[in-house]
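Colleague: Sequence:
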Amino acid sequence: MPPPLRHLLPLLLAAAAASRAAAFVLEEATVDSIHRAFAAGELTSRGLVELYLRRIASLDPALHAVVELDADGALAAADRADAARLEGAALPPLHGIPVLIKDNIAAAGGDGSGRLNTTAGSLALVGSRPARDAGVVERLRRAGAVLLGTASLSEWCNFRAPGIPAGWSPRAGQGINPYVPSATPCASSSGSAIAAAANMVAVTIGTETDGSIMCPSSFNSVVGIKPTVGLTSRAGVIIISPRMDTIGPICRTVSDAVHVLEAIVGYDPRDAEATRMASQYIPKGGYRQFLNIDGLRGKRVGILRKDFFRFAPGSIQEKVFRDHFSTMREMGAILVDNLEIPSMKIINNAVQSGERALMLAEFKLSLNSYLSELAISPVRSLSDIIDFNNKNPVEERMAEFGQSYLLQSEATNGIGPAEERVIAKLNKLCEQGLEKIMRANQLDAIVAPGASAHSLLAIGGYPAVTVPAGYASNGVPFAICFGGLKGSEPLLIEIAYSFEQATKVRRPPILQHSVI
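So the sequence shown is residues -23 to -1, 1 to 493, counted in mature numbering (1 follows the signal peptide of the UniProt record, and there is no 0).
Quick caveat, the hints were computed from the structure, so don't treat them as lab data.
Some clues are possibly wrong.
Simulated restraints, written as ranges between beta carbons of each label pair [to be verified]:
id: 1; residue 1: V371; residue 2: A60; range: 44 to 50 Å
id: 2; residue 1: A334; residue 2: P246; range: 29 to 35 Å
id: 3; residue 1: G452; residue 2: A34; range: 24 to 30 Å
id: 4; residue 1: P246; residue 2: D271; range: 37 to 43 Å
id: 5; residue 1: A48; residue 2: M375; range: 30 to 36 Å
All C-beta atoms in this analysis are idealised placements derived from N, C-alpha and C, irrespective of residue type, glycine included.
Let the hints inform the model, and build the full structure from the sequences given.
Modeller: This is the structure we're talking about:
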């Protein structure tokens, strides 16, 4: 190339890369399809990040799925991924894959990519800075993921007061279901599910105490994995209950969710007791080996009819699940029908009364511990947050919503005899409920519609995989949920993947773009 034109080479290369990225089909892209495009030279990590940033700019003004972006940091991380690929370096499993994390998961910018506020949707924590990444964020970075930003949520993980709309926070506004805007996005990991459903990012991370991965996954037609408690670290995460809180992927496919799960599980000295105990469940060779298209064959799956399958006769849901069960039988599953959790009413009553009181005590302890570890923060205790809300009533919509759970939590004094009795009761309900029915019927998993089994699975820290199952007459998505005993993720993944591949229910929402 003649010397006068040599300075144009970087511009020409950049233009060629942008042209290739523009040709890449972003909608419904998977980890595997992205990596194939990287390997074929059809896409760069930077080009992918730019595509997602443009899509977020187009869709998020209407959907409110994103709280905050670190565009500069994401592009810098993408450039490093591109350089590593060109150098022929060994590539980690999530190499160059953009991710949004729920806004209760700390990102300190340990890789030099910048810092994000972690606020649980509250204005009180704007300006706070963690001393280091959350445990799951450290693992995501080591796996090569590119941290794009934070996803919206129900403020304080839906633990501020009753009656606050799911998906609302003062930082992001009201999250919108991308399929039916008037429908709920459901539960506190709503932004993660909305973003995944609307193809605003490759993969997302959510958290669950009692339904907050399962429910938004169901209502937004995406796959959610609620791992066994302790399988993923809660260090650096604003949680409600260390007995029940777990961190897991929300993605468009079972395969993508399993890729992410495999990257984020493992022991963390900052969450030592739970992660040490759960580490025994991590299979040698990881979780991707269980992406078995014939995974339903020979599996004993219990159908929890009573208290869960409550559909009107002749409804779409009734027909869809009847068809799905027929498909599962054709795929070789052994369905054990008409099962009942005899203690389900007692479990529901315990969740509404004793468990709530226990969670109030746990929340104060967990939140104050998180705040004490921040490098910088305008608030250092739950009491400070209550004061902030009182001083900012308009922004926090205090007249409308109040903060009754926060006040009740502040009035607690740790885990005492009353709370210990509740824990013992819940443990007994687990033994007499799910564990008894699983063992008595020699089940590999139970199946329930949507997030209907969330409390049953929450009280014991049990895992679940939620997969798109259909769309109601009004267009609102609904899911099928496969749950099991602690450590049963390999079985659940086999069942969920085989079901997904046999049915292929998910379809992307039809969206109006505000920016071209």
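Colleague: Now, for every hint given, state plainly whether the structure supports it.
Modeller: So, going through the hints one by one against the coordinates:
no. : hint                       : in the structure
1   : V371 with A60: 44 to 50 Å  : holds, 48 Å
2   : A334 with P246: 29 to 35 Å : holds, 31 Å
3   : G452 with A34: 24 to 30 Å  : holds, 26 Å
4   : P246 with D271: 37 to 43 Å : holds, 39 Å
5   : A48 with M375: 30 to 36 Å  : holds, 33 Å
No hint from the list above goes unmet by this structure.
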